[in-house]
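From the two separate chains plus the hints, produce the assembled complex.
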Amino acid sequence: MKNQLKVLRAQRDWSQEVLSKKLGVSRQTINAIERDKYDPSLPLAFKIAHLFEMNIEEIFSYQDPN
Amino acid sequence: MSKLLSFGEISMKIQKIESTTIWKQQHLKRFIAGMVGYGFMMPLTIFIGKRIEAGILVQIVFALLPVIPFLLAMSAYLANMKTMDEMWRKVQADALIMTALITLAFSFSFGMLQVMGIVQTFSVFYLFPFMVVIWSVSFFYLIVKNKLL
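Note that the protein sequences, when read in sequence, are chains A and B.
Numbering that gives the first Met the number 0 puts the first residue of the first sequence at 0, with every later residue one more than the last.
Numbering that gives the first Met the number 0 puts the first residue of the second sequence at 0, with every later residue one more than the last.
The following block holds chain B by itself, in its conformation from the complex (with noise of 0.2 Å):
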């Protein structure tokens, strides 16, 4: 009886995490695997793909290996935004428009000083985590703008 009412109170538990945070469990696991396979496969395929010689497919092929994980990773995210009410699928979006302008006018910005010789190329490849940085800033700044929490 004990180990039922145990149970039960972890039952409550993840409802109640459930309820006070704005991701579904089995999208956020499914999240998680998905940035964990990324960033596992990441160096693994950067190690390995630079020393590998083969045809230029299996080099394009290789290279892209971890843009899988990170789909998955991507696809989570949105089945979970559909699950959420509408003002955190607001708040979402707003912190995606953010995020969106900021990396506008940063790519922007760089462009221009490369036009003038002033700073050296700017990799693509620091695009993804530059954007998630600048993300995370714009939805921690609404909720604390807003008071959500």
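With the rest of the complex left out, here is chain A (with noise of 0.2 Å):
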């Protein structure tokens, strides 16, 4: 899966570690959602996208791994 975070967070000046304040979770995790390392659960990609007031499907994109 494929996402927008690292820019979406870079548009409004962000840091990961205030990022992931504001999503109640840990800097590593916001960078392993950034580099794709690990995928979020629907209410963590859920709350991004209400953090970022878009829709999930503009936020994460699905890829087929093969």
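It is worth saying that the hints were derived from the structure and are not from the lab.
Incorrect hints may appear among the rest.
Said to hold, decoys possible - For the chain A half of the interface with chain B, some residues (derived, Cβ under 7 Å), not all of them:
1) S25
2) Q27
3) T28
4) A31
5) K36
6) S40
7) L41
8) F45
In this text, a Cβ means the ideal position worked out from N, Cα and C, and glycines have one as well.
Next up, the structure:
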């Protein structure tokens, strides 16, 4: 799964630390999501979408691993 | 004023440590206390337990004394796991699954070697330190593999 989290965060001039506090997760989790190393759960994905006032599919997009 | 500032700085540093580690302070303290208690009571129990002459019930109670601080440490570990965010909980769960599978493979292999009379008996006493080592290696492997820090 690909995401636009890093771009959206940069647009708002938020650090990973700031975003992690807003979402109630660790900074490492934000870092892992941004590098596509971890796919967030549906509740966290919704929380991210809600924070950025966007739809989930505008932030996350599915990519077939094959 | 400067004293207040230094307190503030200390508080900020603690907050920073908390945000960059996966252990919450109160759980870490309980875990360390439990493990120190376990480490302290185990040799004491073995040393004294082998020398006292008492009924079987007293011996059982005495032999199981180190289990109490051990359970305290494990309850702190579980309580801390509940406070982790979803990614760290997944990493912890993956490390525990790897530990369980490796321990299973090891105990099965050792059991087969025992049945064939190739190796002598293996005390289950060493299973816990064995699992701690395997868990640590698994956890470290997952962190490095996913570049989580």
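Hint by hint, here is what the structure shows:
Among the interface hints, the one on S25(A) holds; its C-beta lies about 5 Å from the nearest C-beta in chain B, closer than the 7 Å criterion. Given the 7 Å rule on beta carbons, the hint for Q27(A) holds: about 5 Å separates it from the nearest Cβ of chain B. At its closest, the beta carbon of T28(A) sits 4 Å from a beta carbon of chain B; the interface hint therefore holds under the 7 Å criterion. Hint on A31(A) holds. Least Cβ distance to chain B is approximately 6 Å, under the 7 Å limit.
Below 7 Å, beta-carbon pairs count as interface contacts, and K36(A) has one with chain B at about 5 Å; its hint therefore holds. For S40(A), the interface hint holds, since its Cβ comes within 7 Å of a Cβ in chain B; the closest pair sits about 5 Å apart. Because the closest C-beta pair between L41(A) and chain B is about 11 Å apart, greater than 7 Å, the hint is violated. With a cut of 7 Å, the hint placing F45(A) at the interface with chain B is violated, because the nearest CB-to-CB distance is about 13 Å.
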